[in-house]
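Spelled out, the chains give:
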Amino acid sequence: MTPAENTKHDQFLRLYVEHEEALNGFVRALVPTRDDAREVMQEVAVVLWRKFEELPEIQDFRRWAFGVARFQALAFLRDRARDRHVFGDDVLELLAADAAADADVFEAERNALDECLGKLDAAQRTLVDAAYAPGARIDALAATSGRSPMSLYKALHRIRLALMGCTQRVLAREELT
Amino acid sequence: MSPHQQNLELARHYVEGIATAEETRALEKVLRTDAAFRRQFLRYSNVDAALGSGRLSAAPAKVINYPARFSCLPWRPLAAAAVLLFAGAAWFFTRPQVQLVRLVGAEFAVASLSSGELVGHSMDLKSGLIELNFRKSNATVVIEAPAKFRIEDAKTLRMESGRVTAHVRDGKQGLRVLTPHTDVLDLGTRFAVDVQEGRRSEVHVFEGKVEAGAAGVVHRDLLTTSQALRFATATKPESREVRTGTFVQPEEMKALMAGVKAGQAKRALDAEAKLKQDKTLIGWIGFENQPDGSHIEHGGEVQGARRVQGRFPGSHALEFVDKDDHAKLNLNATTRQLTLMTWVRLDRVPEGISSLYHTDGWDTPGQVHWSFLNNGQMRFGMHSAPADSENGKEQWPESGDPLLGQLGRWVHLAVVYDADTQQVSFYTNGKFDSTVAMKAGLPAVLGPAQIGNWNLKNRFTTQHRRLSGRMDELVALGRTLSASEIHEYYVASNPYQ
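Line by line, the protein sequences give chains A and B.
Residue 55 in numbering that gives the first Met the number 0 sits at position 56 of the first sequence, and the numbers go up by one each step.
Residue 29 in numbering that gives the first Met the number 0 sits at position 30 of the second sequence, and the numbers go up by one each step.
Take the hints with a grain of salt, since some may be wrong.
[Stated by the list, open to error] FRET-style restraints, in silico, Cβ to Cβ:
id: 1; chain 1: A; residue 1: Ala171; chain 2: B; residue 2: Arg266; range: 22 to 28 angstroms
id: 2; chain 1: A; residue 1: Val46; chain 2: B; residue 2: Thr32; range: 28 to 34 angstroms
id: 3; chain 1: A; residue 1: Glu56; chain 2: B; residue 2: Lys327; range: 57 to 63 angstroms
[Unchecked claim] The calculated lysine-lysine pairs, modelled on DSBU-like cross-linking and capped at a C-alpha distance of 35 angstroms, are:
id: 4; chain 1: A; residue 1: Lys7; chain 2: B; residue 2: Lys275
id: 5; chain 1: B; residue 1: Lys28; chain 2: A; residue 2: Lys153
id: 6; chain 1: A; residue 1: Lys118; chain 2: B; residue 2: Lys273
id: 7; chain 1: B; residue 1: Lys260; chain 2: B; residue 2: Lys273
id: 8; chain 1: A; residue 1: Lys153; chain 2: B; residue 2: Lys430
id: 9; chain 1: A; residue 1: Lys153; chain 2: B; residue 2: Lys273
[What the hints assert, rightly or not] To list a few chain A residues with every Cβ distance to chain B over 10 angstroms, as calculated:
id: 10; residue: Asp9
id: 11; residue: Arg62
id: 12; residue: Val67
id: 13; residue: Gly87
id: 14; residue: Lys153
Rather than coming from a laboratory, the hints here were simulated on the basis of the structure.
The structure displayed is predicted, hence computed values, not measured ones.
We put the CB at the ideal spot given by N, CA and C, even for glycine.
Please build the complete structure, drawing on both the sequences and the hints.
As structure tokens, then:
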């Protein structure tokens with residue numbers, strides 16, 4: 000790469016790394032599964048890099064990246080609408096608007112999650128680690144753990160709700176101090 | 000089951016990817032009409048996305064630490080130009096041995112991060128901070144610019160220059176840090192290595208054990224908690240005091256990153272520009288923009304002290320480590336009202352008195368000595384006329400709240416002196432601490448002085464008042480800033496959020 004390309008590349012890398020998690024959370028809300036989100040995020044990254052030169056102001060990166068992510072998620076869902084259970088365009092638009100408006104709040108909640116994960120008991124933590132491990136499948140997990148897939152889904156649901164409650168408490172506490 | 004619980008159940012099915020067509024339509028209907036539930040659904044998805052993004056891999060149970068926020072960074076070549084791209088599912092089965100976790104204002108000299116796998120990569124970090132996770136060693140590593148380093152393999156980091164802090168969690172497979180001067184093997188601990196290019200390397204152990212030896216020498220030393228060694232050449236290493244606060248720990252990265260994201264660097268520059276317009280400004284030493292590293296603003300001269308990264312990525316500070324380190328300057332002012340402010344990072348509890356700003360000698364009425372004491376308090380010393388000394392008017396007022404809790408992080412200190420009201424007020428991190436009455440109302444005299452030290456040599460004694468740590472800026476104004484002005488400046492110039 001030329002020095003100019005290096006600079007541009009580093010600039011893109013910094014911006015992308017800074018916003019990647021927020022974009023991922025945003026995309027995850029728009030598509031049904033984590034694998035879908037992963038697929039969309041690959042496209043988002045490619046498009047952002049290809050069009051990076053067209054970004055007029057670096058300060059606009061976040062807004063621009065959210066716009067690209069929203070477009071890619073909607074395109075992904077349209078392509079798969081025939082055989083997948085997905086929301087209509089009007090609901091997707093509502094979700095996209097809310098997710099973009101509250102991006103800072105969601106980021107704060109993700110950061111608070113660091114502390115909340117440490118508060119899970121050993122059994123909860125073991126389950127979360129296993130269920131969210133790369134390539135993990137609930138049916139395989141159920142087979143090895145001797146529990147039914149439904150009981151694992153429900154246990155994970157309770158953990159997610161507990162983590163949501165915990166992040167709110169952490170953020171409320173920080174606001175008070 | 001309440002309607003709300005039913006809705007959450009629908010959300011669960013959708014997020015798990017097991018919702019039926021009917022359930023999806025039912026959820027869609029709620030999301031369309033219920034804004035509060037829509038937000039809750041987004042929060043639920045947010046938690047799921049965060050858990051699925053690799054956050055768990057660096058967050059052991061019951062330990063609050065600093066997970067891989069950006070672990071999902073699977074870079075791959077896109078074209079011959081080695082442009083970057085994101086791999087995807089396959090990456091999750093072949094995860095990098097060394098992962099990028101966080102960047103805080105990082106600027107590289109070349110496109111260093113060209114692959115998801117960082118092993119084998121050399122990096123030249125010009126400014127900012129980078130956090131890495133060495134998965135095999137279960138080590139979180141923070142590197143502060145300026146730094147040149149190479150990730151040799153899954154357990155070895157080679158540092159040519161810069162500072163690295165390592166937190167190795169289980170100690171099963173130690174992290175190795177190589178420098179031009181030493182070879183450090185972790186034995187389960189928190190430690191740091193400071194490499195000054197062409198001069199020396201220091202190894203500091205905060206907790207646990209580390210084995211270290213001079214490069215190319217068979218003999219190795221075992222360092223335990225609160226021990227430090229300096230390796231300069233192949234000669235015997237020199238024992239040093241451990242400087243706990245020198246190194247940025249993973250815990251601090253978060254607050255610094257939040258500060259960068261919140262635009263604090265820009266706010267600080269704006270606040271600086273505003274204050275520089277103040278007609279009573281006597282001096283502003285920011286340690287910036289001096290082409291020659293041996294000089295600072297106002298014709299000041301650096302002696303021994305090292306120019307390092309300041310409180311913002313890419314900004315500069317002076318670091319005082321050795322007993323003769325200091326900077327000289329002459330603000331050349333006499334004023335009845337005086338405000339002094341500084342941003343400092345204290346490395347450790349001082350042994351005696353640490354100079355923030357000391358005018359030379361101690362023989363001129365009105366001359367000022369501003370310092371930090373080993374009891375954790377700030378002191379504002381003002382020399383009085385000999386007759387006053389005899390009458391007990393010589394004073395060294397001190398602040399109330401000890402600052403010892405502020406070690407190892409940037410702290411803003413301010414002192415305000417008014418000869419007319421004969422009062423001195425102290426402020427820490429923008430917060431009023433105390434006001435002390437002065438017996439004499441002399442004008443403050445700011446002549447030849449030292450920052451970060453006060454060397455007094457005569458035939459009886461050699462004294463040092465070295466500040467152990469960094470100073471980012473020193474400001475002198477010929478008026479008394481109000482409590483709200485000081486607080487406002489602190490808030491605007493604070494690197495943390």
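For the pair supplied as a hint, Lys28(B) and Lys153(A), is the alpha-carbon distance within the 35 angstroms limit?
23 angstroms, holds
Closest CB of chain B to the CB of Val67(A) still more than 10 angstroms away:
Val67(A) clear of chain B: closest Cβ-Cβ about 14 angstroms, beyond 10 angstroms.
A range of 22 to 28 angstroms was offered for this pair. Does it hold for the Cβ distance of Ala171(A) and Arg266(B)?
26 angstroms, holds
Lys153(A) and Lys273(B): Cα distance at most 35 angstroms?
57 angstroms, violated
Is Asp9(A) truly not at the interface, in the sense that its beta carbon sits beyond 10 angstroms from all beta carbons of chain B?
For Asp9(A), whose nearest Cβ neighbour in chain B is about 5 angstroms away, the distance does not exceed 10 angstroms, so it is violated.
Status of Arg62(A), Cβ more than 10 angstroms from any chain B Cβ:
15 angstroms, holds
For Lys7(A) and Lys275(B), compute the direct alpha-carbon distance and say whether it is at most 35 angstroms.
34 angstroms, holds
Against chain B, does Gly87(A) hold up as non-interface, every C-beta pair farther apart than 10 angstroms?
6 angstroms, violated
So if I understand the rule, the pair passes when the alpha-carbon distance is 35 angstroms or less; does Lys118(A) with Lys273(B) pass?
Distance ~45 angstroms between Lys118(A) and Lys273(B) Cα, so the pair is violated.
Distance restraint hint 28 to 34 angstroms, applied to the beta-carbon atoms of Val46(A) and Thr32(B):
Given range 28 to 34 angstroms: holds, Cβ gap about 32 angstroms.
Pairwise hint evaluation, Lys273(B) against Lys260(B), where the allowed Cα distance is 35 angstroms at most
22 angstroms, holds
For Lys153(A), which was marked as not at the interface, is the minimum beta-carbon distance to chain B over 10 angstroms?
Check fails; 8 angstroms does not lie beyond 10 angstroms.
When the structure is compared with the earlier hints, violations turn up for hints 3, 6, 8, 9, 10, 13 and 14 and for no others.
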